[in-house]
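Protein chains in written order, with our numbering: chain A, 1 to 482; chain B, 1001 to 1221.
If you're looking for bench data, these hints aren't it; they were derived computationally from the structure. Hints are supplied without guarantee of correctness; some may be wrong.
[Stated by the list, open to error] List of simulated lysine-lysine pairs, BS3-like, C-alpha gap at most 25 Å:
no. : chain 1 : residue 1 : chain 2 : residue 2
1   : A       : K59       : B       : K1085
2   : A       : K158      : A       : K365
3   : B       : K1087     : A       : K482
4   : A       : K299      : A       : K365
5   : A       : K429      : A       : K443
6   : A       : K429      : A       : K365
[As the list claims (entries may be wrong)] Examples of chain A residues lying across from chain B (beta carbon under 10 Å, computed):
no. : residue
7   : Y49
8   : I161
9   : Q169
10  : A180
11  : V184
Given the structure is predicted, the values throughout are model-derived calculations rather than measurements. All C-beta atoms in this analysis are idealised placements derived from N, C-alpha and C, irrespective of residue type, glycine included.
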Amino acid sequence: MPLLILLVVPLFAAVVLAFVGDRKYAPEINIAGSAATFIAGIALALDVYTDGPMLAGNKFFFVDAFNVYLAVLTSFVSMTTAIFSRRYMRREREHGRVGHWGMRFYHAMFQLFIFAMLLCLLTNNVGVLWIAMELATLSTVLLVSLYRTPTAIEAAWKYFILCGVGIAQALFGTVLLYFAAEKVLGEGGDALLWTNLIQSSSRLEPTILSLAFVFLMVGYGTKVGLVPLHNWLPDAHSEGPTPISAVLSGLLLNVALYALVRCKAIVDGSTHTHYAGNIMMGFGIISILVAAFSLLRQKDIKRMFSYSSIEHMGIATFAFGLGGHIATYGALLHMLVHSLAKSSIFFTVGHASQMHRTQDMDKIKGLIRGNPLVGWGMMFGAMAIVGMPPFGIFTSEFLILTATIKDAPLMIPFLLLGLAVAFAAVFRKVQPMVAGEIPPYQKSMKVAHLPVLLHMAIVLAVGLYMPIFLNQWFHKAVQILK
Amino acid sequence: MDIHTTAQIINFLAAMVLLTAFGMLVQRRIYGLIHLFAWQGLFLSVSTAIVGYAAGRHHLYISSVLTLALKVILLPYILNALIHKLKIRKEIETVVNVPLTMLIGIALVIFSYSLTAPVREMSTLVTRSILAIALATVMIGLLMMITRRHAVTQIIGFLAMENGLFFAATSATYGMPLVVELGVAIDVLIAAFIFGIFFFHINTTFDSLDVEQMARLKEGD
C-alpha cells in the first residue's frame, strides 16, 4: 500500500500542478506532494524493515534494503528541494527569468521527475528500469533549458543528445540480457525480472552477459556522469535552475548508479569473475582524477560543484566495483551523504548566486557577513564534501580507503591524489567567497533555512554516530549485493 | 512458408534496414532523409510481423502495428510538419567527406559482426545475424549524429538508432515483453514532443537549426 501511494502521489501532483500553473499556491502544493511522498517512503521503509524484502503488484515491484533506502533518500531530498525552490523560484519569477508557462512547466516536471526516479528504484523489471531512466532524462531536459538563454538551450540540447545516445546503449545491453535470460527463464515478462535474473544468474551465458555489461556500463555510466561520458553534466548543472541542479546531482546520479549496481550483481553472478567490478573500478578512478583536476580550473560556481559530483560518483562507482563488505558499505554510505551534502551546497549556491546575480566565483564575496546561513552553510558544506571529519563523507571515504588498501593497494596513490587535489581546489575557491567584506552589489534576501540545516545536521550526525537502523539497513543491502 | 524461406525474407529485410541506414548517412536533403527514415520503419514493421508469424509470437503483431503507426506514419508526419513550419523544407546540408563516412560505416558493420560473434554462435534462431545488423544500425545512427551539424538531422540519426534497438529487441530475441515495448514507444513519443519544442527554441534563439553555433559552453581557462 505505501508503495502505491509513493508512486501515485508524485504522478498525481504532476497532473494537478500542470493545471494549477502559475497560481500563488503552486509551490505549496509542490511541497505538500513531496512531503506526502516522503511520508509514504518512510512507511514503506518501516514495512521492509520489519518484514524484509517484498514483491508486489504481480512481481512488478521489488523492494529490499538497497532500493528502499534510496527511495527514502529520493523522497526526502525532493521534499527539501521543493521547500528551497519555493522562495528561489519566486525570486527568479520576479527577476523575470521564468515566465508564466515556465513556472507551470517547472512544477509539473519536477514531480514527474520524482515519479520517474522512484519508479526506476522500485521496479523489478530491468526493462521498465530503463524506461523510467529515460523518462527521468526527458522530464528534466526542458527544465535545463527553462531560462531560454542561448547557453541554457545549448546545455539542454547536449544533455538530450548525449544522454539519449548513452541510454540507447543501455537498452541494447538490456536486450542482450533478455536474450541470455530467455534461454534459461523462458520467454515473456518473467525473464526480465531482477529477482529471477539474480536467482538464476549462474546459469546465464557468461559471454553474452560480459558483452551486455559493456553496453550497460556505457549507457548508465553516461547518466552517472562518469568520465569520459560526462560532458553533458557540468553544462546541464550550471545552466538549469538551481533546484534542478540539486536534484540532478543529489538524486539522478544516484539512481543511475543504482541501475548499474543492480546489473553488475547479475553479471558477476554469471561470469564468476571480477570482470564487471574491474570495469567499474577503472571508470571510477578515471572519473576521480579527471574531475579533481577539472575542479581546479573552474570559474562558474555551479560548474565547479558539478565536477565535484563527478568526482564523488567516481568514488562510489570505484567502491562498488571493488566489492567486498567494507567497500560496498562505504559506497552505500557515500551515496547517502554525498547526496545530502551536495544538494545542501546547491541550495546555498543558489542563494549566493541570487544575492550577487552571477555564478562567477570571482564576483561572489563576503557571504558570511552578508548572510550567515548561506556563508556558513556553504563553508560547512564544502568541508563535508571534501571529506573532512567529523562529517559523514569522511567516514565513507575512510571505509573505502581502508578496503582499497586491503584489496587493491595499487590504486591507493591515484585515489589519494584525486582526493587531495579536489580538497585543495574546493577550498581555494570556496574560502574567498565566504570570507571578506560585503561587496556593494550584494543584495540581502530572505533564504530558506530548513533544507540546508536539515541536510547538514544529518551529514554531521551520520559522521558522529551511525544510527542502528541505518547500520542494519546497510548491512542488509551489502548482503544483497554480494 | 518453410523455415528457410522465412529466414531469407527476414535477412533480406534486415539488409534493407541496413541499406536505408547507409542511405541516411549520406543523404543531404532533409526531406529525403525523412523519406528514408519512413522506409526503414516500414521494413522494420514488416520484418517484425514476419518474425511474429514464423515464431508464433502473436504479441509481435502489436509491435509491428505500433512500429507502423509510430515510425512510418506519425514521426515522419511530425517531422514534415515541423520542417514545413520552420521553413527548412528545401534546406541542403553539406555533408563532409562522403567516401570517408561510408568507409567508417562499413568498418562499423564489420565491428558489429565481430562483436556479436559469440552471441551468434549460441543462437539457434532464424534471426541469428539480425543482432549484428541491429547493432550496426545503432552504430551508424550514432555516426550520423556525430558527423551531421543540423538539429533535425541529428534527431533523425537518434531515431534511426532507436530503430536499430527496436530491431534487436523484436527480431533477435523474438520480442521483448510487451510492457517494455510499450514503455519504449511512449518514451519515443515524449522525445518527439520534446525535440519539436527544441527545434523552435533553437531556431528562435540562434536563427538557424545549425548546431555548430552552439559552442558557447566551454571550459573556463
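**Asked** Against which earlier hints does the structure fall short, listed by number upward?
**Response** 1, 2, 3, 7 and 11
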